[in-house]
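Engineer: What follows is each chain in one-letter form.
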Amino acid sequence: MSTVVTAPSPDEPITSPLPKERVTLAQIDKSVRGPAILFISTACAWLLIGTVFALITAFKAHSPTFLGNVEWLTFGRVRAAHLNSVAFGWSNNAAFAVILWLMARLSKVPMMHGGLLYVAGAFWNVGVFVGVIGILAGQSTSVEWLEMPKYVAPLIAIAYVCIAVWGVQVFVHRRQHFVYVSQWYILAAIFWLPWLYMIAQIMILYFPARGVTQSLTNWWFAHNVLGLWLSPIGLAAAYYFIPKVLGKPIHSYYLSVLGFWSLALFYNWAGVHHLIGGPLPVWMVTAGIVGSVMMVIPVIVTAVNHHLTVVGSFKQVWASPTLRFIVFGAMSYTLASLIGSLMAIRDVNEITHFTHFTVGHAHHGVYAFFTMVMFGSIYFMMPRLLKREWPSAALIKIHFWSCSVGITVMVVALSIGGWIQGLEMNNPEITFIETVRNTIPWLQARSVSGVMLTVGHIAFGLNFAWMLVGFFGASEKKGPTLLSQDA
Amino acid sequence: MGWVGYLLFLFFVAGIFFVIAIFALTWAAKRGHLQHFEEQSKSIFDDEEPEGLEQDAFPTRRAPTDHI
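Heads up: the sequence lines are chains Z and D, in that order.
Counted the way the numbering used here counts, the first sequence spans residues 1 to 487.
Counted the way the numbering used here counts, the second sequence spans residues 1 to 68.
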């Protein structure tokens, strides 16, 4: 922290010589330690809470009488509580930790005045806690992805502004001439989220627009939270950790830049495909379909880049906890995104709309891609933040296998079940109740997958808590995960 | 708020967004971030975590030190 660096201004052209004196990675890691561990700890807590809500929801879907007489746990409430716990609690807390740590490392500068981030973390988590309790108490707004009561928004907004400003200020004070592609993704996401959240809050909750405009704003927001917030952060992490862990640069940096700008250009329109068949102007739906299909460009570009970087290094991927999760996530990104583009085509959407296929697709993106990448990132970050090794390799393996098999079962079951459901709903000879009954085996398979994910999350939570408190030999780092010499 | 109000509001926010995007692209081009791609791709490596050295393994295994 105290090292004096006489670096040239970061605004100088990148052909300038790099500064000779610099802070060590261990110093940078140390500066982010407190806030990052706060965000990761709360993320883990929300992951476990959200998993309990998810299990209850999954069981209720095929056994409606399960906890049927508990007012706070009716399907409509507990499903929304699950979504908000994992979206705002787990995903965003994990994202904040990864953003701050990555930005500091890539900027080669320690986090300054990180104390305010504790306040931001407290505001964020109190906001989510109050919001989830509000949902369970029946105060949901009933707006998809914005179910938390609107009095929570100021808490969330204040916390976010603090975190975003800290992310940007680290970038502004960077001592690295190059702006790595992960920094592009992170900076863009930092600017995109408030734009999405503000418009959605104003046009849906504070000054509600009428009719389909509200639905349009809702799906524009909900889909872009995935595409312009979670996806860029997941991709930023993948672009950093894959080459970093393998020790070889990304296959084509040019493609990574192309992927970033094409995502920025096309993704914004994709959310409209949720309203295909709705009472919207045809040109608007068509533009949404075009935007969704054009997303094939950044997806293929990113897929080629990630996968060609990994080709020839599968042994190293398998030997690394970080890369097991992140490469699984990167492969899921490719598959989920291509399926998403297909789902936007009218003929396909006619079948998948209003079915469990969409639920499977959402989990494919948010869990199989984003969450797996966050797990991998945390496996890399924690030993460097705490200067301790992960206490149990067995728990990491249980975590990986439970989650990778669990989410695969879920996506496959909901995709097949949802497709059949869609075909049956379009068949006038099959009654609606018959269609519903035919979904039950697939929903039961989803519950089984939920149990598997729960096992994985418990293994992760145990390993994390064990590492955090430093019991039973987890106190000193000697092993391989942390290779920084002076950490 | 009437639809004209929404429209004005959206145009205003979209305008700011568009200006920021153009500024970012121009800044990147002027500062040379859209060239020297090979050097940029190696900017994540340094003396402590150099290119050619794997950085992660399961905790029970020996540290991989071979260059790949």
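These are computed hints drawn from the structure, not numbers from a lab.
Among the hints, a few may not be true.
Straight-line C-alpha distance at most 35 Å; calculated DSBU-like pairs for lysine-lysine [as the list claims (entries may be wrong)]:
1) Z/K315 to Z/K387
2) Z/K315 to Z/K397
3) Z/K150 to Z/K397
4) D/K30 to Z/K315
5) D/K30 to D/K42
6) D/K30 to Z/K387
7) D/K30 to Z/K397
8) Z/K30 to D/K30
9) D/K42 to Z/K397
10) Z/K387 to Z/K30
11) Z/K387 to Z/K397
12) Z/K397 to Z/K30
Engineer: All the hints need checking, so say for each whether the structure fits it.
Structural biologist: Hint-by-hint comparison with the structure:
Taken as a hint, the Z/K315 and Z/K387 pair is honoured in the structure, with Cα atoms around 26 Å apart against an allowance of 35 Å. The hinted pair formed by Z/K315 and Z/K397 meets the criterion: a straight-line CA distance of about 16 Å does not exceed 35 Å. Proposed proximity of Z/K150 and Z/K397 is contradicted: the alpha carbons are some 41 Å apart, above 35 Å. Between D/K30 and Z/K315 the alpha-carbon distance is near 41 Å, which puts this suggested pair outside the 35 Å criterion.
Pair hint D/K30 plus D/K42 holds up; C-alpha atoms about 21 Å apart against a cutoff of 35 Å. Distance hint between D/K30 and Z/K387 is unfulfilled; the C-alpha atoms sit about 40 Å from each other, more than 35 Å. Between the alpha carbons of D/K30 and Z/K397 the distance comes to roughly 47 Å, so the proposed pair goes past 35 Å and is violated. Restraint check for Z/K30 and D/K30: satisfied, since their Cα atoms lie roughly 34 Å apart, inside the 35 Å limit.
Between D/K42 and Z/K397, the direct Cα distance comes to roughly 31 Å. Compliance with the 35 Å bound is thereby established for this hinted pair. At roughly 9 Å between alpha-carbon atoms, Z/K387 and Z/K30 fall within 35 Å of each other, so this suggested pair holds. About 21 Å separates the Cα atoms of Z/K387 and Z/K397, which keeps this hinted pair within 35 Å; it holds. For the hint linking Z/K397 to Z/K30, the alpha-carbon distance of about 28 Å falls within 35 Å, and the restraint holds.
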